[in-house]
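J.: Sequence:
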Amino acid sequence: MKIASFNINGIKARAQALTDWLDEAQPDVVVLQEIKSVDEGFPCELFEDRGYRVETHGQKSFNGVAILSRLPLEDVTRGLPGDDEDEQARWIEGTVIGDKTAVRVCGLYLPNGNPAPGPKYDYKLAWMERLKARAEALLAAEEPALMAGDYNVIPQDEDAKRPEAWRKDALALPETRAAFRRIVNLGFTEAFRAFHQGPGHYTFWDYQAGAWNRDDGIRIDHFLLTPQAADLLGDCQIDRDIRGREKPSDHVPIWITLDA
DNA sequence: ATGACTTACCGTGTAAGA
Numbered sequence: 002m003k004i005a006s007f008n009i010n011g012i013k014a015r016a017q018a019l020t021d022w023l024d025e026a027q028p029d030v031v032v033l034q035e036i037k038s039v040d041e042g043f044p045c046e047l048f049e050d051r052g053y054r055v056e057t058h059g060q061k062s063f064n065g066v067a068i069l070s071r072l073p074l075e076d077v078t079r080g081l082p083g084d085d086e087d088e089q090a091r092w093i094e095g096t097v098i099g100d101k102t103a104v105r106v107c108g109l110y111l112p113n114g115n116p117a118p119g120p121k122y123d124y125k126l127a128w129m130e131r132l133k134a135r136a137e138a139l140l141a142a143e144e145p146a147l148m149a150g151d152y153n154v155i156p157q158d159e160d161a162k163r164p165e166a167w168r169k170d171a172l173a174l175p176e177t178r179a180a181f182r183r184i185v186n187l188g189f190t191e192a193f194r195a196f197h198q199g200p201g202h203y204t205f206w207d208y209q210a211g212a213w214n215r216d217d218g219i220r221i222d223h224f225l226l227t228p229q230a231a232d233l234l235g236d237c238q239i240d241r242d243i244r245g246r247e248k249p250s251d252h253v254p255i256w257i258t259l260d261a
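Numbering (the working numbering), first residue to last: 2 to 261.
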């Protein structure tokens, strides 16, 4: 089972780039972030024509997440528990039925949090607290489960080309990194680091100032796996070449394979 | 260097992203 995560920065602007990548990469499941569309505006037929069922959790203009799956998908829920007042569409989860076992797949778009300090950063940290609570519940179930998406967290200095440029940024502040570690350290496997060590691995390059051409990137899209999912983990890769194509998102896909 | 791009909106500019 191949599962990918991709922050597409607008589904309408990315229809061609996304379907081109889908046709080549052939993932069984994709979690999408920043669809920037209401549910009714999402071009489901693009994906249904390719054999994927589509589940969206959208909102107008901003945010928005979705799951595409060509395997059976059950028990889809929308919204991260813990705050009934939160109207931002940043969380969707569902159970994918593999040939061998079922996997609970959670797709997330963690708040950016800039400028920090400030109310947006407070929202980011509060959201991470709620994420931790959901993560604890996933672990308690003792089943294959994963949380994948745009975490807006640069875990360590080695995850940025120019770490000094991010020192005071909400993506890299010590408090952000500590909140991320508190979740990972509950017992999750960060899939990419299970296979690849050291600097030079990025999932995002800013549109500005020729960041892609200078390889001035950051690694902020991650997969966290429960122990039962980690037992099935076969590979994890970043499709970085996508960033050099026509009309790209500023993020690229990251994917894993599971023996599930 | 209050910059640089890119997206979506009902807009002829603004907000948000990271």
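Mixed in with the good hints, there may be bad ones.
Said to hold, decoys possible - EDC-like cross-link-like pairs, simulated, lysine to aspartate or glutamate; straight-line CA separation at most 20 Å: (1) K61 to D87; (2) K61 to D21; (3) K61 to D40; (4) K248 to D260; (5) K169 to E159; (6) K133 to D207; (7) K121 to E41; (8) K121 to D85; (9) K248 to D216; (10) K61 to E88; (11) K121 to E159; (12) K3 to D260; (13) K3 to D240; (14) K101 to D29; (15) K3 to E49; (16) K101 to E86; (17) K133 to D123; (18) K121 to E86; (19) K3 to D29; (20) K3 to D24; (21) K162 to D207; (22) K248 to D207; (23) K121 to E143; (24) K133 to E159; (25) K121 to E75; (26) K13 to D50; (27) K133 to E75; (28) K133 to D85; (29) K162 to E88; (30) K248 to D100; (31) K121 to D170; (32) K3 to D87.
No wet-lab data here; the hints were simulated from the structure. Predicted, not measured: the structure shown is a model, and the values here were computed from it.
J.: Which of the stated hints cannot be reconciled with the structure, identified by number in ascending sequence?
T.: Structure breaks hints 2, 4, 6, 7, 11, 16, 23, 24, 25, 27, 29, 30 and 32.
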